[in-house]
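S.K.: Start from the sequences, fold in the hints, and give me the full structure.
This is what each chain is made of:
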Amino acid sequence: MATVIQLLVYGLQLGSIYALLAIGYTLVFGIIRMINLAHGDFLMIGCYAIFFFVSLVFGNMMIGPAVAFLVVMACSSLTGMVGVGIERVAYKPLRARPKISSMIAAMGVSVFTQNLFRSLPFIGPNPKTFPTLLKDQLFTIGTVEFSFLRIITISFTIVIMIILYFIIMKTKIGLHMRAVSCDKDASALMGINIDRVISLTFFLGAMLAAFSGAFYASCYPVLMVTMGSTLGTKAFIAAVIGGIGDIRGAVLGGIILGVVEVGIAGTYSEMAYGFSFVMLIIVLLWKPEGLLGKPMIEKV
Amino acid sequence: MKWIKNKSEIIFIPLLFGILYLLQTTGILNGYIMQVLLLVGINIMMTQSLNLITGLAGQPSLGHAGFMSIGAYSAASITTIFFNVTAMAPALQIVFFLVATAFGGICAALFGLLIGIPTLRLKGDYLAIVTLGFGELIRSIIRIVPAIGGARGLIGIPKLAGLFWIFLFAVITIYVCRNFMDSLYGRSAIAIRENNIAADTMGINVSRYKVITFVFSAFIAGVAGSLYAHTIQFVQPDIFSSIKSTEFLVYLYAGGVGSISGSILGAFMLTILPELLRFLSTWRLVIYGVLLVCVILFRPLGLFGGREFAFLKLNTGGIRNVGFRSFRRKNKDNAAEKPVDKEAE
Amino acid sequence: MWKRVLSILLVLGLVVGIFSGCKSKTATTSTLVKVIPDEIKIGVTGSMSGDQAVSGKAMTDAITLVKQELAATGGLDVDGKKVKITFVVEDCESKPEITVNVIQKLIQQDKVLAIIGPNNSSDILAGGVIAQDNKIPEITHTGTNIKVTQIGNYIFRECYTDPFQGTLAAKFVAKNLKLTKAAILYNVADAYSQGLHDAFVAAAKTYNVQIVSDEAFSGYESKDYTAQLTLIKAQNPEVLFLPNDVNTVPLMMQQARHMGIKAIFIGGDAWDYPVLPGLAGNDIIEGSYYITGFSSEVPSAKAFSAAFEKQTGYRASFGSAMCYEAAHVILNAIQHATTINGPGIRDAMAATSMDLPSGHVTFDADRNPIKGAVVLKVTNGTPTFFTAIDLNS
Chain Z
0 MATVIQLLVY
10 GLQLGSIYAL
20 LAIGYTLVFG
30 IIRMINLAHG
40 DFLMIGCYAI
50 FFFVSLVFGN
60 MMIGPAVAFL
70 VVMACSSLTG
80 MVGVGIERVA
90 YKPLRARPKI
100 SSMIAAMGVS
110 VFTQNLFRSL
120 PFIGPNPKTF
130 PTLLKDQLFT
140 IGTVEFSFLR
150 IITISFTIVI
160 MIILYFIIMK
170 TKIGLHMRAV
180 SCDKDASALM
190 GINIDRVISL
200 TFFLGAMLAA
210 FSGAFYASCY
220 PVLMVTMGST
230 LGTKAFIAAV
240 IGGIGDIRGA
250 VLGGIILGVV
260 EVGIAGTYSE
270 MAYGFSFVML
280 IIVLLWKPEG
290 LLGKPMIEKV
Chain V
0 MKWIKNKSEI
10 IFIPLLFGIL
20 YLLQTTGILN
30 GYIMQVLLLV
40 GINIMMTQSL
50 NLITGLAGQP
60 SLGHAGFMSI
70 GAYSAASITT
80 IFFNVTAMAP
90 ALQIVFFLVA
100 TAFGGICAAL
110 FGLLIGIPTL
120 RLKGDYLAIV
130 TLGFGELIRS
140 IIRIVPAIGG
150 ARGLIGIPKL
160 AGLFWIFLFA
170 VITIYVCRNF
180 MDSLYGRSAI
190 AIRENNIAAD
200 TMGINVSRYK
210 VITFVFSAFI
220 AGVAGSLYAH
230 TIQFVQPDIF
240 SSIKSTEFLV
250 YLYAGGVGSI
260 SGSILGAFML
270 TILPELLRFL
280 STWRLVIYGV
290 LLVCVILFRP
300 LGLFGGREFA
310 FLKLNTGGIR
320 NVGFRSFRRK
330 NKDNAAEKPV
340 DKEAE
Chain A
0 MWKRVLSILL
10 VLGLVVGIFS
20 GCKSKTATTS
30 TLVKVIPDEI
40 KIGVTGSMSG
50 DQAVSGKAMT
60 DAITLVKQEL
70 AATGGLDVDG
80 KKVKITFVVE
90 DCESKPEITV
100 NVIQKLIQQD
110 KVLAIIGPNN
120 SSDILAGGVI
130 AQDNKIPEIT
140 HTGTNIKVTQ
150 IGNYIFRECY
160 TDPFQGTLAA
170 KFVAKNLKLT
180 KAAILYNVAD
190 AYSQGLHDAF
200 VAAAKTYNVQ
210 IVSDEAFSGY
220 ESKDYTAQLT
230 LIKAQNPEVL
240 FLPNDVNTVP
250 LMMQQARHMG
260 IKAIFIGGDA
270 WDYPVLPGLA
280 GNDIIEGSYY
290 ITGFSSEVPS
300 AKAFSAAFEK
310 QTGYRASFGS
320 AMCYEAAHVI
330 LNAIQHATTI
340 NGPGIRDAMA
350 ATSMDLPSGH
360 VTFDADRNPI
370 KGAVVLKVTN
380 GTPTFFTAID
390 LNS
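Residue numbers (numbering that gives the first Met the number 0), protein chains in the order written: chain Z, 0 to 299; chain V, 0 to 344; chain A, 0 to 392.
Because the hints were derived from the structure by calculation, they are not lab data.
In this text, all values refer to a predicted model and were calculated from it rather than measured experimentally.
Some clues are possibly wrong.
Some chain A residues near chain Z, calculated using beta-carbon distances under 10 angstroms [to be verified]:
id : residue
1  : Asp50
2  : Lys222
3  : Ala226
4  : Gly277
5  : Thr361
Residues from chain Z shown here face chain V by an in silico Cβ test under 8 angstroms; the list is partial [as the list claims (entries may be wrong)]:
id : residue
6  : Phe111
7  : Met270
8  : Tyr272
9  : Gly273
Yeah, the Cβ is synthetic: ideal placement off N, Cα and C, and Gly gets one too.
M.R.: Pasting the structure below:
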């Protein structure tokens, strides 16, 4: 029984990382109906940015939590800008075209980013160690072990979800985002600056990806250029399972995926990697719009 | 003599084969070049297959390497695991090879049916997501099945697919796809691609034709997989990863999505390119990424502009016909109407 | 219309020309008298780019050292004549399909007489067939999969095999560490990891080591082993065998130690890269052991290690040592061959009996080298020689 609870805790910890990344996917999809397959690479860019920042500026010094937080915020904002840049270059011209084109363009961006980072000698194919941003502490309640770092991950995910919900529901810019997601052309007619809204969406999405990357890399501190692609796929599955377009759905999907994955790894680990895809197919067959999603009505 | 002019490909294609065969036996084209050309043939088949579902029907399939792997493994299990074909007489070998290839294609088609039926019923881009997952799922499953070699892979597959078979199958595939495109199925697929609600309204059973196209495409991929296995003589699950599926997608889009000739040229060009640009190693993949994005942005019809070879005598699709003879004269009516300059996606 | 035909033929001709334009001076083929050419080409292929580029780097380091040695003597001395040896290095990108093309190119275009590599067993399983069919000997320096030399009599191996390693690991636990409770965490989707696991489990029975926990994960993509490690921890193993690659072993060690697993970590030759202690953390990897085929501290390796460190600035690893040895096996074979061609060099290689950094090397009937292994212990972030180990001792 204690093992089950322990596994559940680990699943929650893993799931919150997926959730953070899935929020970024869902945000972009909800506003502009585009599946950004390069999202996982934003995570990778964010992690490497933090790595280089810390090694160049701080060297081997230990940095306290406040400074670490600032560094993460700074690098996430940087990744956000990169996201906006990519959107401007690769996705903006494809807005009028069918969604497939943007999906393929996103694949192209993903291939480009991963291999660019792999070919640059100072980043290179060799794995790098992520700097310790926060000293981890373990504590046990009963027989179940918790990790301070992962508790922070979970809490941050919830906090970010609340903040985002607040932004989207209560602020003016959130209103604009909701309008654009409802009907792009009508919003433009109403005087909303579509470009700015979309850029902001990408900025937020990429920033969240970098954030989740910081947490991920703190828990699993080996940096590789391919780390984004697997995570991106998993987060995408999480977003689809929970209901793509809905932030709460992304969080729910992420947690479900994390818990199931850890559970399977503990029982029938050979299929752990493939099982997330099985779950995806099952959800798509049973409820294609996702657990929390609303069925999309296609208007003629 | 007029029939020769109209059906000149009857002469040209065997002539091309004859030239290649001669060059191979005299050793002017050495084993290395022949190997690359064989891979070109296989990639042409795979790109054609991808073109059917992604180009014609407009449903991107991001896991096509999965079907290739099913075809490769099913065929290889017949020739290597169940029967020891290497030890048989040449005539019997050919029989087994053809049976195995057909079996590979059928297995892949079955899987296509399995995935297609539930997924293609849905409206929207779910096929992309599901095929992405399916490709990886197949790879995960194959990795843990020791009977077919598991992660170690299957070695010792007999080399039964040489120049003749690959050339033959490639030509057959091109013509079959051409016929598919010109037929009821192809035109329904294109209609579905352009506007599936309008197609539905016009009485086309959208799900049915999507599934038919998908299964057919999977069959061809399975056959290509079998040929691959019998050329490289070794299969391993990691060969058929999502990277390979992405590569086929790049070949298709670079050549011209929706166009048969585009698929041929894209596959040809981009299979040879890594060998010519050997010194670039990983930068080559960076270039592929840039190529994909640029093609989508600036030349959505592909580098060859959606044109088709005249010898294919395609009545559907294609913007203009280029080729050996001016087929334009015969098809003046079709060519006369100004094509709508939308992307053929 | 004929213009079109002509242009297409020209394009075809251009393509063919580009390919065939890469020919260069060739070595003579079989004759009865030992004709010694002026230049001999040896192909070198490995993962120069991609995730396993560390292996490729180890290869190129070794080849550079060999080139320096040859330059110092003015070339290879074959029966009194100085022969120029050219190494043609190609990247096979850890992909079997590309390896097939590379081996074809090396044999057909560059006309090499022998090939070193690739480092990856899957790649050599694909490409070895080509070398075998074309009668060009190929020697892999780190391809440990047992099936590699079964391709044919032209395929050699300079390192030990996976079953050998796995068995020795179990023997080490029983005889040297004198412990009895072992747990394993291995990758079921990787042939290498699976091979070591199977051998370890089988040998554990012979050496009376109890496998208290046998956990697997599928694929190096997953980085979270907490589930498996939780189950392992519950069984209280004394030793944890981690036959996995250098990118994921650090994570396993960190997660295990964080959970409070106190078992000693044991690994295989995939651990032997300079980056490993840094990635894992010196305090975490402290006191771990791994089996490899080369140690720079044994007497036979002193000269090589010193020269290597002088050239590169870091310690020689298993990969570079084996590549160096493979190169010397070929050079030695050229000197002793009765005819300088593929089959002649192959026969000379099979009859090799020479002293190399890892000891005295001879090949058995299956073209596997007859030699033992060493165990290195990681102390203070540096792997140091702990003991030599062999099946019969």
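S.K.: Each hint should be assessed against the structure and marked as holding or not.
M.R.: Each hint tested on the structure:
Because the smallest distance between the Cβ of Asp50(A) and any Cβ of chain Z comes to about 6 angstroms, under 10 angstroms, the interface hint for this residue holds. Satisfaction of the interface hint for Lys222(A) is found here, the shortest Cβ-Cβ separation to chain Z being roughly 4 angstroms, below the 10 angstroms cut-off. The criterion of a C-beta within 10 angstroms of any C-beta in chain Z is met by Ala226(A), whose closest approach is roughly 4 angstroms, and the hint holds. With a cut of 10 angstroms, the hint placing Gly277(A) at the interface with chain Z holds, because the nearest CB-to-CB distance is about 6 angstroms.
Interface hint at Thr361(A): violated, since its Cβ lies 36 angstroms from the closest Cβ of chain Z, which is beyond the 10 angstroms cut-off. Given the 8 angstroms rule on beta carbons, the hint for Phe111(Z) holds: about 3 angstroms separates it from the nearest Cβ of chain V. At its closest, the beta carbon of Met270(Z) sits 7 angstroms from a beta carbon of chain V; the interface hint therefore holds under the 8 angstroms criterion. Contact between Tyr272(Z) and chain V, as hinted, is supported at the beta carbon level, the nearest pair being about 5 angstroms apart and thus within 8 angstroms.
Interface restraint check: Gly273(Z) against chain V, minimum CB-CB distance 3 angstroms, threshold 8 angstroms, status holds.
Of the numbered hints stated above, the single one contradicted by the structure is hint 5.
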